[in-house]
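The numbering of the sequence shown is UniProt numbering, which starts it at 1 and goes up by one.
Take these hints with a grain of salt, some might be off.
Claimed, not checked - Cross-link-like lysine to any residue pairs, in silico, SDA-like; alpha carbons within 20 Å at most:
1. Lys245 x Lys267
2. Lys313 x His239
3. Lys267 x Gly244
4. Lys77 x Val19
5. Lys55 x Lys9
6. Lys265 x Asn145
7. Lys55 x Leu207
8. Lys265 x Glu213
9. Lys313 x Asn301
10. Lys109 x Tyr99
11. Lys9 x Met347
12. Lys203 x Ser175
13. Lys303 x Met347
14. Lys313 x Gly341
15. Lys313 x Ala240
16. Lys9 x Ala240
17. Lys313 x Arg251
18. Lys42 x Ser15
19. Lys55 x Lys77
20. Lys42 x Leu146
21. Lys63 x Thr26
22. Lys123 x Lys63
23. Lys123 x Asn225
24. Lys303 x Ser128
25. Lys120 x Asn225
26. Lys267 x Leu146
27. Lys55 x Gln108
28. Lys303 x Gln76
29. Lys120 x Lys245
Stated by the list, open to error - Quick list of the computed label-pair ranges, beta carbon to beta carbon:
30. Val19 x Gly44: 16 to 26 Å
31. Leu258 x Lys77: 20 to 30 Å
32. Ser15 x Gly112: 46 to 56 Å
33. Glu351 x Glu66: 42 to 52 Å
34. Tyr17 x Pro102: 21 to 31 Å
35. Glu351 x Asp124: 44 to 54 Å
36. His20 x Glu334: 35 to 45 Å
37. Glu351 x Lys203: 19 to 29 Å
No lab work stands behind these hints: they were computed from the structure. For each residue, glycine too, the CB sits at the ideal point set by N, CA and C.
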Amino acid sequence: MGEDKFHIKEQFEKSGYEVHEATVGTFSSNHDRETELYYYIKGGRVDYGQAHAEKYGHHRYGKTYEGIMPNWQPGQKIHLIGHSMGGQTIRLLEQMLRYGSPEEIAYQKEHGGEISPLFKEQKDNMISSITTLVTPHNGSAASDNLGNRDFAKKILNDIGKVSGNRFSNLDLGFSQWGFKQHPNESYIEYSKRIKNSPLWDTKDNALTDLTAEGSEQLNQNTSLNPNIVYTSYAGEASHATLSGKHVPNIRQYPLMDLTSRIIGKDKNQQLRLNDGIVPTISALYPNGQAYKNVTDISSANEKGIWQVLPVKKDWDHMDFVGMDPTDYKHTGEELEQFYTGIVDHLMRVEESENRNLAV
1 MGEDKFHIKE QFEKSGYEVH EATVGTFSSN HDRETELYYY IKGGRVDYGQ AHAEKYGHHR
61 YGKTYEGIMP NWQPGQKIHL IGHSMGGQTI RLLEQMLRYG SPEEIAYQKE HGGEISPLFK
121 EQKDNMISSI TTLVTPHNGS AASDNLGNRD FAKKILNDIG KVSGNRFSNL DLGFSQWGFK
181 QHPNESYIEY SKRIKNSPLW DTKDNALTDL TAEGSEQLNQ NTSLNPNIVY TSYAGEASHA
241 TLSGKHVPNI RQYPLMDLTS RIIGKDKNQQ LRLNDGIVPT ISALYPNGQA YKNVTDISSA
301 NEKGIWQVLP VKKDWDHMDF VGMDPTDYKH TGEELEQFYT GIVDHLMRVE ESENRNLAV
């Protein structure tokens, strides 16, 4: 993250922190992404679950990760920071660790066979904090209006064909759907197979999960852990016109112009203020979950409740990860200060937990 203005991972590693940037499916569903994240941390071959695989029509097993923390278990806590959809993904991972997957547990009881450790319950005390950055906790009109349109699916179809052909090293997370050209398969045959993939008729993808309906389902299926510190950040990079509709600020990332304008004319006026991708109000906290507003990160020390930081004015969706080269106003130094505040906060969380253990 932050490749254009501030090398977040590299700079904090130089300061002695252990930092990892997870690789999960860009366009995959939150279920598939949180499963991949678990194996990215723990190591092993990704097991999406037999019940899930049969329900949606993709492979049960995926890629194999070496694992950044093979000894990850209750008592070995980590901090999770999620940008955009990543915030939804880490919330679902925490829920899965705590309660497992009722569907996979029921499937194993009926059919036998193996079940991934992820889908078994009672693995609490593995996460210290969850921090979300401009996460569409309650969905985005951009997904509702674009996500399920034929042209959006066509774009993903084209991406899938390019990323999965035998000459490409690009991996956008379509392997569970068989998006990899076989050795003796022509490109025409491969393209036809991708076109006929069950992915296009399923809800097991990011396009669905980022809609208001998909996000509401996630909110209903997740809960706050009383042992975790939750914080959230939102941005705003649009402004109202005389008509009341919102348009992008002058320094908003140009590639988000369309989505910002779609959100800016939502029939619900409260949803119009946005960061280019996500309505500002959607990034504050998940509907139905406890929250409180805090004025500064140093005071966000309570567990089991969303602590909502002040909205970052004139920060668009990509400013939070330093990937908006067109915005000269936000410097690398500013981004460094922002993440230093987050890291210092996480260290205070650890110190507090260590003091409690010592009592």
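* **20 Å limit on alpha-carbon distance, applied to hinted pair Lys109 and Tyr99** => Holds, at roughly 16 Å.
* To do: Assess, step by step, whether the Cα of Lys123 is no farther than 20 Å from the Cα of Lys63, and give holds or violated.
  => With Cα atoms ~23 Å apart, Lys123 and Lys63 exceed 20 Å; violated.
* Look at the Cβ atoms of Val19 and Gly44 and judge whether their distance stays inside 16 to 26 Å. => The hinted range 16 to 26 Å holds for Val19 and Gly44, with Cβ atoms some 22 Å apart.
* Asked: Is the straight-line distance between the alpha-carbon of Lys313 and that of Ala240 20 Å or less?
  -> holds, 14 Å
* Asked: Taken at face value, is the distance from the CA of Gln108 to the CA of Lys55 at most 20 Å?
  -> Holds. Lys55 to Gln108 sits at ~14 Å (cutoff 20 Å).
* Pair hint outcome, Lys9 versus Met347 [Cα-Cα no greater than 20 Å] -> Holds - the C-alpha atoms of Met347 and Lys9 are around 16 Å apart, at most 20 Å.
* Distance restraint between Lys123 and Asn225, which requires alpha-carbon spacing of 20 Å or less -> Measuring from Cα to Cα gives roughly 12 Å; hence the hint holds.
* Asked: Are the Cα atoms of Lys120 and Asn225 separated by 20 Å or less?
  -> holds, 17 Å
* Hinted pair Lys303 and Gln76, Cα distance within 20 Å -> With Cα atoms ~18 Å apart, Lys303 and Gln76 stay inside 20 Å; holds.
* Asked: Per the hint of 44 to 54 Å, is the separation of the Cβ atoms of Glu351 and Asp124 within bounds?
  -> With Cβ atoms ~21 Å apart, the hint is violated.
* To do: Kindly confirm whether 42 to 52 Å is satisfied by the beta carbon distance between Glu351 and Glu66.
  => violated, 30 Å
* Does the hinted range 21 to 31 Å hold for Tyr17 and Pro102 at CB? -> violated, 37 Å
Going down the numbered hints, you'll see the structure goes against 5, 9, 16, 18, 19, 20, 22, 29, 31, 33, 34, 35, 36, 37, while the others check out.
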